[in-house]
Every structure is written in C-alpha cells, then in structure tokens.
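**Q** Sequence:
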Amino acid sequence: MLTDPIADFLTRIRNATAARKATVDMPWSRQKAALAKVLVAEGYLAGTTVVEAEPRPILRIELRYDAQRRPVIGGLKRISRPSLRVYVGAKEIPAVLGGLGVSVLSTPKGLLVDRDARQENVGGEVLCTVW
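Per my numbering, the sequence shown starts with residue 34, numbered consecutively.
Hints were generated in silico from the structure; no laboratory data involved. Computed from a prediction, not measured in an experiment: that's the story for all the values here. The C-beta atom is built at its ideal place from N, Cα and C for all residues, glycine as well. Just to be clear, a hint being listed does not mean it is correct.
[Said to hold, decoys possible] Pairs of lysine-lysine, DSS-like flavour, derived with a Cα cap of 27 angstroms:
(1) K110 with K124
(2) K142 with K65
(3) K110 with K65
(4) K142 with K110
(5) K65 with K54
(6) K110 with K70
(7) K124 with K142
(8) K124 with K70
(9) K70 with K54
(10) K54 with K124
(11) K54 with K142
[What the hints assert, rightly or not] The calculated label-pair distances, taken between Cβ atoms and stated as ranges, are:
(12) V105 with A67: 17 to 25 angstroms
(13) T140 with A55: 28 to 36 angstroms
(14) V84 with K124: 36 to 44 angstroms
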C-alpha cells in the first residue's frame, strides 16, 4: 500500500518521460484523475483515459513531447507530503520559475493552478510544482 499516491503519480510520469514512453498507466483515484486533468489543461500532458479493469480502474496518461521528442515537462516536484503538509494563503502562493511553471493547489474549490487560485483569492495545500 502506498503512503503517498501523489508522489507515486509524479514519479511514474517522471520515469516514463525519461524513458520516452508514449503512455503511462497507474491505479485510478479521484485525486490523481483531477491532477491529470489540470496538467492536461495546462498543456503538460496530451490526454487521459480511464481503462476499466479488475480489480480497479486504471488511469492511462498520454505524455506530451515537442517536435524534437523532448518532454514538455521539464520537472515535477512534490511539495506537501504526508509527513510535512504545506498550506498557503491566497497572498502567499509561490510562483514557479517566475511564472514559467505552475504550482497545483488543493483548495475548497477543487484543484487549481497558482494563477487561478490567486484570481479566485483562495489558498490551500500546495500539492506539487511542474515546469
């Protein structure tokens, strides 16, 4: 059993992009699906599908590469983890690489990127940063 499914999610994506895989599969969960949806909307992933399998569904993520077959994702970092949760207010949301990357926050309004959270004026738990 995993103690940190979000860290596992990020590690699987990091390893798959390093190996230049087209897709990566992982066990489905609501939070992983929501995080993948945010990354697709931001342009870091090509798409996601849910494959119905036994005993539980699988989340299949299509990775995105540029014309030279370099990964669009330059890096992924887990910020808040089970042993050290990181919460920020709307005015303390960190910028990633001067705005070139995004922070993903878990807020009362769902998962939001830093830009949207500032616009909505909500804070929350900083799950990860992507650049």
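**Q** With the threshold set at 27 angstroms, check whether the alpha-carbon distance from K142 to K110 stays at or below it.
**A** holds (22 angstroms)
**Q** Between the alpha carbons of K142 and K65, is the straight-line distance 27 angstroms or under?
**A** holds (16 angstroms)
**Q** Between the alpha carbons of K65 and K54, is the straight-line distance 27 angstroms or under?
**A** holds (19 angstroms)
**Q** Hey, K110 versus K124, does the alpha-carbon distance stay inside 27 angstroms?
**A** Holds, because 21 angstroms separates the two Cα atoms, which is no more than 27 angstroms.
**Q** Starting from K124, check that the Cα of K70 is at most 27 angstroms away, please.
**A** Distance ~25 angstroms between K124 and K70 Cα, so the pair holds.
**Q** Assess, step by step, whether the Cα of K54 is no farther than 27 angstroms from the Cα of K142, and give holds or violated.
**A** Judged against 27 angstroms, a Cα distance of about 33 angstroms means the pair is violated.
**Q** Given the hint that K70 pairs with K54, test it: the Cα-Cα distance must not exceed 27 angstroms.
**A** holds (19 angstroms)
**Q** With a cut-off of 27 angstroms on the C-alpha distance, tell me whether K124 and K142 pass.
**A** holds (16 angstroms)
**Q** Would you check the hint for K110 and K65, treating anything up to 27 angstroms between C-alpha atoms as holding?
**A** With a Cα-Cα distance of about 15 angstroms, the restraint between K110 and K65 holds, given a limit of 27 angstroms.
**Q** Please check whether V105 and A67 have a Cβ separation lying inside 17 to 25 angstroms.
**A** holds (20 angstroms)
**Q** For K54 and K124, compute the direct alpha-carbon distance and say whether it is at most 27 angstroms.
**A** Judged against 27 angstroms, a Cα distance of about 38 angstroms means the pair is violated.
**Q** Does the hinted range 28 to 36 angstroms hold for T140 and A55 at CB?
**A** Since T140 and A55 have Cβ atoms about 32 angstroms apart, the given range 28 to 36 angstroms holds.
In terms of the numbered hints stated before, the structure departs from hints 10, 11, listed from lowest to highest.
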